[in-house]
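Colleague: Numbering (our numbering), first residue to last: 53 to 261.
The hints are simulated quantities; they were obtained by calculation from the structure and are not laboratory data. Note that the structure is a prediction, hence the values are computed from the model and not measured. Heads up, some of the hints might be wrong.
[As the list claims (entries may be wrong)] List time: in silico DSS-like cross-link candidates among lysine-lysine, alpha-carbon distance up to 25 angstroms: (1) K101 - K64; (2) K61 - K128; (3) K161 - K128; (4) K64 - K128; (5) K61 - K101.
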Amino acid sequence: MTVGSNIRKLRKIAGMTILELATQVGSDVGNLSRLERGLQGYSQDALEKIAAALGVQVATLFSEEVGASSPPPTGKVPLVSWVAAGKWCQVNLPFEPGEAEEWLPCPVKHGPRTYALRVRGDSMHNPNGRPSFDHGDIIFVDPDREAVHRSLAVICLDDDNQATFKRVLIDGAHMMLEALNPAWPNRIFEVSSNASICGVVIARMESFI
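Please model the entire structure based on the sequences and the hints provided.
Modeller: Following this line, the structure appears as structure tokens:
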């Protein structure tokens, strides 16, 4: 049993995402993720901050008695926040059980790191037909599927921690993003080479609540 695995278990028991814990202890997601996986060392000061955030004693982090967390539901994918999706682009790891708002069945074949997002706003509403996505629709995003010209994808811009949902237009080394709504301001815009594609949208599930 490692300190890192205990931190992960205690974090899940506390219902905290890795981002929430990193914010509370003044760390970043990448460092904390590596610590949880036993790939990075730790200081006494760091352990004290982590223990305080988790509401336990430092000694508990070394205990053999830490309870196991619940595994993710079989065959379902996590519905996560847009902020979490943006952070995911930076660490490139599967979402963990504690990071999901809920778990949903994906209606199509998908990779092991697939996740779901709830569409925000009307930028992808297409009044002229399909594809079209309304506010509140749930989309399924597969990070293991390669984006090609005209793919629908979730992208993290270089100057924004949050992700955005657009159609990808690829012209050689240049990548542009397109909103499907013809009335959307700045409907097509070019992004820098630092932009990251967080996954290709492979399915949609409508929500009526």
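Colleague: Hint by hint, say whether it matches the structure.
Modeller: A quick look at each hint next to the structure:
With a C-alpha separation of about 17 angstroms, the suggested pair K101 and K64 falls inside the 25 angstroms cut-off, and the hint holds. For the given pair, K61 sits about 21 angstroms from K128 by alpha-carbon distance, which is consistent with the 25 angstroms threshold. This hinted pair checks out: K161 and K128 have alpha carbons roughly 11 angstroms apart, not beyond 25 angstroms. With a C-alpha separation of about 18 angstroms, the suggested pair K64 and K128 falls inside the 25 angstroms cut-off, and the hint holds.
Restraint check: the Cα-Cα separation between K61 and K101 comes to about 16 angstroms, which is no more than 25 angstroms; the hinted pair holds.
Checked against the numbered hints above, the structure violates none of them.
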